[in-house]
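Trainee: Chains as they are written, first to last, in this note's numbering: chain A, 1 to 211; chain B, 1 to 211.
Fair warning: there could be bad hints in the mix.
Chain copies aren't distinguished; within one or between two, either way the pair holds.
[What the hints assert, rightly or not] Simulated crosslink set (DSBU-like; lysine-lysine; CA at most 30 angstroms straight-line):
| no. | residue 1 | residue 2 |
| --- | --- | --- |
| 1 | LYS15 | LYS81 |
| 2 | LYS124 | LYS71 |
| 3 | LYS170 | LYS71 |
| 4 | LYS124 | LYS166 |
| 5 | LYS71 | LYS113 |
In case anyone wonders, no lab produced these hints; they're calculated from the structure.
There are 2 protein chains.
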Amino acid sequence: MELSSRQEQILTIVKENGPITGESIAERLSLTRATLRPDLAILTMSGYLDARPRVGYFYTGKSNDHILSDKVKTITVGHYKSRPVVVTESSSVYEAVTTMFLEDVGTLFVVDKLSTLSGVVSRKDLLRASLGQQSLESIPVGVIMTRMPNVTVCEDQDSIIEVAKKLINKQIDGLPIVKKVSHGSGYEVTGRITKTNMTSLLVDLANNETI
Amino acid sequence: MELSSRQEQILTIVKENGPITGESIAERLSLTRATLRPDLAILTMSGYLDARPRVGYFYTGKSNDHILSDKVKTITVGHYKSRPVVVTESSSVYEAVTTMFLEDVGTLFVVDKLSTLSGVVSRKDLLRASLGQQSLESIPVGVIMTRMPNVTVCEDQDSIIEVAKKLINKQIDGLPIVKKVSHGSGYEVTGRITKTNMTSLLVDLANNETI
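Could you build the full structure based on these sequences and the hints that come with them?
Mentor: Encoded structure:
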């Protein structure tokens, strides 16, 4: 919403002096209360200002930015997820590297015999392993992966922004999206969410194409 | 801006029937023109509707989404860049891997003797090289890097959204930010922009903290 310059002036006055009565605002602008009435109505109805009887107008702190952030905050992981790529714990590091190249992903999820999540292995983990002296065919991926419960996971209904924060704070490229298994303990892997998905969301926001 | 349900009704009517006069809108809602006046003022001043004398109200197609996307589109690469990490073309792949771990980055920029950009090497390139039979100490990074002019570059003043699109379309994690060298040809590397920066921008948008 584009504000007129008078509306901007009113906002500034209320920000600095609120709570303030309509009369006092009008005085400061050398205008009548009646002249200001439509502007104050607009600012109040659009949420920039709030008014309380016998107190006056005060600034809500709301701005266009909040419209944006409210929108972004409603988007869940499930809207932007990619399919997961998994290997079994007994696969070799060599097999894991091959899978990573074939599937063109940066993070693999490692599952146990019951297909529940047992760990995560990143491109960085594999690169570190490949510097060692041992043959990559002889090392099981289970040895070099980050193992549960040290793996950060998320679920379909989680806020994508909360997950983005986790990716940044933990300096990782992607998280497994999981579901509790119905019988027994542990998680089933249902998806993958990465910094690539976050970049796509950003582009969609700019193009007004979010889901 | 949160619209009231009556304002939403008006928008729907104008979308479907515009241009339409205030009187006709009032009729459809079984209200008087006077009752609708504040709502129409709000919708017009906030840019949802436009009005032309003797024609009536019509829908501008503007929505909150546009406010958002206009904001995002003004952000440039320079606002969100990270510092570049460079290695020289004669460095070994082993040195490159070490640098990548020490600096904790996913992309290294390779420069020639004049410090101009000659290529880019990613974690993926290094992982691929490490699968080969040769010792990593004996391969110069110049052999495995993506070489100019096949490197996608960007500049400080480029739109961050355009760069985000390039990262997605070219399936790469980061781009060098460059400046033409003042004498001679080629580029000097001044920064790095990655999917991590894009994820940070997304979080900042959600928190109203963009620059």
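Trainee: Hints first: check each against the structure and report whether it holds.
Mentor: Structure-based check of each hint:
1. Proximity of LYS15 to LYS81 under the C-alpha cut-off of 30 angstroms is found in neither arrangement, the shortest distances being 41 angstroms within a copy and 33 angstroms between copies.
2. When the C-alpha separation of LYS124 and LYS71 is checked against a cutoff of 30 angstroms, the pair qualifies neither within a copy, at 34 angstroms, nor between copies, at 35 angstroms.
3. Taking the closest pair of Cα atoms, LYS170 and LYS71 come within 30 angstroms of each other both inside a single copy (25 angstroms) and across two copies (28 angstroms).
4. For the homomeric pair LYS124 and LYS166, the shortest alpha-carbon distances inside one copy (18 angstroms) and between copies (23 angstroms) are both at most 30 angstroms.
5. Neither within a single protomer nor between protomers do LYS71 and LYS113 lie at most 30 angstroms apart by alpha-carbon distance, with minima of 41 angstroms and 49 angstroms respectively.
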